[in-house]
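A.B. asks: Each chain is listed here by its residues.
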Amino acid sequence: MTQARSVPAGEVYERIAANVTRVVHGKPEVVRLAVAAMLSEGHLLIEDVPGVGKTTLARCLARSISGSWNRIQFTPDLLPGDITGVQIYHQNDNAFVFHPGAVFANVVLADEINRGTPKTQSALLEVMAERTVTVDAVRHEVPQPFLVVATQNPIDMGGTYRLPEAQLDRFLMRLPIGYPDLRAEMSVIMADSSGMEPDDLPAVVDIPTMIGAVSQVRAVEVSTGVIEYAATIAAATRQHPELRYGASPRGSIALVRAAKGLAATHGRPFVTPDDIKDVAHPVLEHRLILTTDAELARRTAGQIVDTVLAEVALPVMSAARV
Amino acid sequence: MSARIAVACVSLAAGIAGTMFGPVFGWWRLVPSIAVGVLAVILVAEICRRVPALAAWRPVIATVAGLLGVVELELWDTTLAGLPTAATGQALLTGVTDSWQLALESTWPTRADAGLLLFVPLVVLVAAVLGVELLRWPVLAVLPSLAVLGLSQMFAALTGIAAITAALVYAAVVAVLFAVSRPGARHSRTVALAVPTVVLGLCAAIAVPLLAPSDPAYSLQDNRSARTPLPRTTNPLAEIAARLEQPETPVFTYTGGAPVDRWRLVVLEEFTGTRWTAPQRYRHLGERVGPAAGAPVTPRSARVTMPDGGPWLPSQAMPATVTGVAPLIDPASGMLLLPETTGPVDYELSWWEPEIDTAALADAKIDASVPPGGLGAVPPAVADLARTATAGAPPSFRAALVLERHLQQNYRAATGTGLPTGHGWSHLREFLLDTRQGTSEQFAAAYVALARLAGIPARLAVGFRAPQGGTGPVVVRNKDVLAWPEVAVAGLGWVPLDPMGAASGPGRVPTPLAAATAKVRAELPPPSDRDTPPPADGPHAAAPEQPDDGPATLLVLLGLLLIGIVGAVPLAKAIRTAVRRRRGGVHGVVSAWWEARDLLRTHGEPATPGTTVRDLAGTATGATVAHELLELAAEVDLALWSSTGATDRGLTAAWDAVRGVRRGLARRPLPDRVRAAFNPRSLLGQRFSHSVPSSAHGKYPKRRIVPAASSLRR
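These protein sequences, in sequence, are chains R and U.
The first sequence begins at 1 in UniProt numbering and counts up one residue at a time.
The second sequence begins at 1 in UniProt numbering and counts up one residue at a time.
Treat the hints as calculated values from the structure; they're not laboratory data.
Distance ranges between label pairs, derived from CB positions: (1) 683(U) with 162(R): 48 to 56 Å; (2) 164(R) with 666(U): 51 to 59 Å; (3) 52(U) with 202(R): 54 to 62 Å; (4) 671(U) with 241(R): 38 to 46 Å; (5) 241(R) with 72(U): 51 to 59 Å.
Taking beta-carbon pairs under 10 Å as the criterion, some of the chain R residues facing chain U (in silico): (6) 226; (7) 310; (8) 316.
Chain U regions said to be covered by chain R (calculated; three or more residues, Cβ under 8 Å): (9) 605-612; (10) 638-649.
Please read these numbers as outputs of a predicted model, since none were measured by experiment.
We treat Cβ as the ideally placed atom computed from N, Cα and C, and that holds for glycine.
Chain U with its partners taken away, still in its complex shape (with noise of 0.2 Å):
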């Protein structure tokens, strides 16, 4: 009975720590194809202890049963009527190599798609199944059920009660694995200890990130995007003056009763001097996308279709699902990016609309977190310009509203025909010291270099400007084309401005954030009246440094492969004597010859297809194991040649022969030891041929006459 309990609770363990990846694939979503699997390795391994006879084949069986139970749980569409094919093979194929990297490469959760999520039950079995070879020694049997928990949560650290009771159930799990697996009182001593232990380091892993946060935790996830590759198409900046020159021209419509005042296309972060670039952190949208921290939201919807297709969608700052398409996004910047679409493009937009409150906008600081972004080289008459616009005030909100009321209050908007274009240094400067008229193009790529030459981390985005309102569906045309700078404010994320004046006016419903802004704006004392400030240290003093925790990844990555590499070949070998020891009979006694073999083949000693227990005797190193080898030797020649057979007692003394052959082993150098114990020599097998090979002439040393069985035999 207890060892059915190990079994189930091993199993068990296993499938806790898979449930883990809550977080990634939703909690509701795993639950099924994990418990599939952990049941066929229970199943299989009752059904093994009633029938002896399969019990050598437990681990395979129990691996074909789970994998029929995922194909048929999360793979029925391969199938042909149930019965895997080959595209199912090639399914879990690709779960094996690619689900996990899809999951690295969606938002959290993802999509509910066996393509994404196959790698969790597959890794689940493989633990339980672990788990359930290695019941004779309780503490390692755990140890993969570990490997799958410690895996999840480098995708997706558990954080606050969740974490708290997800360590709980694990530890009370392998608290009575312990209990049942060393009964007596030896053993309790080890339970007392193992528990507590167990139960108090997982505490004191939730509580100390709880009472000393910092920053998030680490993640697989971060710094990786989607692989696929992005379209290489005309920066939208560059195309808003040929836009404005077919301003009746549609782009896309919406419906929505939501108030919107702009769609973005795409943001652009980096500038070189001479090209804005948006970031290459695109992911596969996932279920649903959370809104970021900060100010309380509200959902909004709107339906868009656009005849023309991508590649970029027209999107909000926190997008939250798209229904009808499956497009990339980059969270950061609510960007939405079908790289292969051609064809109109019809899909439902759901986001996040942040509400913010008035008196907190007023006084906001700008996020020092936030890099300041790239500027190239900056002409010294701009730099001059950027403080004389802020009057060197120090970066924050009301320094950016300041900036945005400059532009507005000393440029004019460009019409008719000849628009000028280029958003590089040589246009800026000239929009900003010369000509002072321009598109937007010009106002907000100027307004994003004078705040960055000011200390306040800004971007830019090209979108369009929602027109007026009415019922119905609202069509946007290339007339409403718009580029506009968004500032980081502390708390409350990114903030868009409108230097041109262009996006608010009549008959426009502002969003609450737009409503907010434009009353902080309102509220800014007349230039005449303000303060000087301080002249600050410069225009990126301001800017904190950010730590660069790139190194540190690879560091852990190279860590974590490290320990992966030296800790797979003594796990294999363990797991093949775990297998080699429960063989009965004649196929026990060879195994343990076997494993005797594959000790001293570690420890360098010679062996070949034709090296028998004598001759080991005869050429392995040092007396030591000499006599044990001999004596394995008896047991091998009695259970193979012998009309006698395998007895149980001759198994006992084979498997003690090669205990003796381990303590004399043991008593080797420590050097040596180690060597032995991650050389991978006996995992990889050796060939064995009845041909001879010429290149093999005189590298075996001949051959002497040992001791005979006869001697030995008790």
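Next up, chain R with everything else stripped away, as it sits in the complex (with noise of 0.2 Å):
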């Protein structure tokens, strides 16, 4: 067992981000709310269109934790053992002996994840929920911390496989990155003249100080009213007519957990309604399943998540009538 050793999670932040923004420039509300997601032990599936820096992100997450880190690319012959791993027969010892897969490591970077058949994205099911790779009957732990970073293309793009809703699930945020503002984009062509590259960046934090930021981060204090309104917005998304499905309880607690890790991100010690309504946008969207009518009126599911925002009122109604 690694031991836990105590910085400040919102001084982990800051060492994260500081590192990443020397190659990822003009976001830092993505960076921050990334770093957020790792600090609550959730996944992270960061979505968009080629070319934004989906791949550099996760690989400069991944490369400022001094953890082991694995790069899985998928692609259509990808097969699921090379995600979980096999029981290859040794001749000499006469036994099955478990070759680990891709999967075990500190950080998984799942690249093009939707590029995979559905069976091998199916194979990070387990891991994903559980931390654990069953092969054979035989259950296997992965390292702590254990956090997927995965990026995926729009999936109106060709030669791409959509994520199971179940699979969607398990990601804790699901981020897109979005283009750069010019002053943003000239940063990044100035970076690229300079040729620092994600794999060139230290890791600035270590298991054991990571772990000890994750314990903090569920310390974090969440108030009976934050968590009403979290439900509360839970809830709304379930009766919203133009979702078949709203978000599930999984979804309410993965809206805390995340709320939690970004109110540590900004060195607070409790969490506020403003860090319930700043992650709803990345926790919950991809939980929602529009009907067919709000899909042929063009309707988003960020559309949805600001209305819902919107109406549903503050817990200071409760917490304090005036």
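Dock chain to chain to rebuild the complex, using the hints, since each chain is given by itself in its own frame.
C.D. replies: Here is the structure:
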């Protein structure tokens, strides 16, 4: 068991963010949310069009932690065994020996995850939820901390397989990166000329420090009002007429967990409704399934989350009636 | 101690303002119900001072306590052994909606009826509660009582000593309030300026009308009459001939020692050429009607019994009180109306009998301020007759008597059966030019028409002459029916005349006015001896035009309404802010947040039930308030969501941030600030819901992460 090291979670965030932004320019909010997901022991799905820095961000995050990390390039011919590992028969020992797959690392970078077949994608279900891999009825634990950072292109592009809902639900956040603004893009171009690559980044947080920060995030205070607020938001998505399926209770839990991580990145020992609202989009959008009518009307999950956040009353109403 | 004095002063100021409704309801009738409300407010304020937990509820408690006091005092009959019932609530509601209108529709002082005066203690209670809640700003605290004061003066403006006394007492109370509310050198200058200003202002308001007297003060009662539907009955003028056909039928009886020569039922003022109509200006008869200004008066009384009921009750020219029934009254003519009566009516009537000096009456001029009245299409020959009958004399009381004599000497009273009827121009022309014979109906109607043609304001009264007197009840019968004209005499009022010579007679005791009129009549020079005066320019030349104050009144009312509407929004916001500012702990911090949110909402910034302080900081237009909002957000977060909770320091910081927001908004363009000041949006509340309407999609801005509280925490 690795011993935790007590460094304030806010400082951990500052270290990682400072390290990542040496390569990833103009996206401080995305970096903050990504680090918040890591500190909340959640997995991260980075989704956007090609060329905006998904893989770069994932690599930077992985490189910033001194633990082990593996990269899995998802292709149509990738097999589940390549991910989880396989039992190989050793003639000398006359026994099957487990050869761990790529998931056995502190940080797993699943690049272009939607280019893998559904069968291969499903290989990640167990390890993402339970942090164990079962091969031939034998459970193998992955190292702690364990974090999957996946990237994918939008599903309307060719040669991809849409991630199943069960798989999506296991990602704490789905982060779009978006195009940089003009100034940020100029910085990206200049940085490219200077030759700084993710592999050049040093590890700024070791595993014990990371475990300590995760423990601090778990201890972040969440008041009853904020919990009620998160539950009400999730319930509102379930009642929304344009949604076939709203956020599950796992979504409510994810909302609070992500908000705790975000509060920790601010150095704040308690969660506020602002934290809930700040993480609502990345946490909820990929968990919502729109009705056919809503899709035909070109409604998006993001728009619906916006309306829910605007209409659900703040818990201040019950905390202090004025 | 000074706070207690301030509470007492501001409550007392409201009470004093309320007592200025004295001319409307009677001075002592109002005092108990006003005092109970004021005392309730003072008592509740003291209790809330000793029990801080109740401080936030002080206005509600004070209002409820004051209402209970008023209920116990004024609405005891509607309670169940002192406990309010549904009837009490209904009575209170009626008091708010109807009592002020009923008071305006009544003569003053009104009857001692809670249904009429209930609005006064309620208004005083509201003013006292508001005043106490606004004590943080003494000038604002005085405004509610000033509003009550203004309202009372719009009902009935005080004059003379009463006005001076009331103004000085009120000013003294306000001065004490300012003195105790703003101690210290800096504030003493304010007091030094405010007190003389208030006193001088009030004294000037009193002195100006005294030095330059003008028309009677404006009153909300002007041109207002009772809303009771009036009966649709036959005009008593048209019944005269029919009554004379059945002369012995008794109409009513009366008992009283005072001399009476006539009893009036109706007074008809408008003549269209075919119809005579009575003015529709009835009011509910109050406690007592004072005598009209002019000649000295003597109180008289009589008991009247009408076996067949009204609707018009026999009356006198200046009724004072009526006991036994509650009729409507036209104070200008003395008509008494009981619209919904059936069966016998028995009542005690007291009235004012004018004591007329014969010399004054002989030289009296007609009252030019009285409108001449309508005439319709006058037949040309009648106009010539009017000129001949008065020999073209200028309008005067003597000219009126000359006209009366003309009719007495040249026309005869019809008797027997088949009596002439009708009082339109066709009938009057026939009476004046052809038959020269008629009943009092034609005599009186013709006299009024001719008098108006001669420029003498006149009206037509219908009633009964008093039979020959005797001991015991006097029975008035149909044969006593009489119509007579009355002319307006300057300084004396309406003087009844008798063109048919039927009102007086042997055995009848004349009233002082009738006696004086008879003396002047007897002193008239013979027709051949009278001087020929210069011809008048026209029949209506002597009648001055009356200013029509209808539009002015309407403008004043509209102005007041506008001021009320415009002033209500800022006042309501100020009260709300004061209430919020007094809260402590978590509620105080949240109140600060809501205050900032409402400030921004009135400036058009979008806010929904889900909007947080940071949201507003991110979306508020202009960076001038963003920093303050983020400071406020830090305090709200600490107070509401952390185990630290609210602290006094945090509360102060939160309201400091609100002040910063206010300062930031004050830098916006003037039109925006004016619009925000009167924008009622934040007062209308907003819908808080956990459901999301589909129509709301797309109207909310995308959320963006704003700086954290930690970056601002000190």
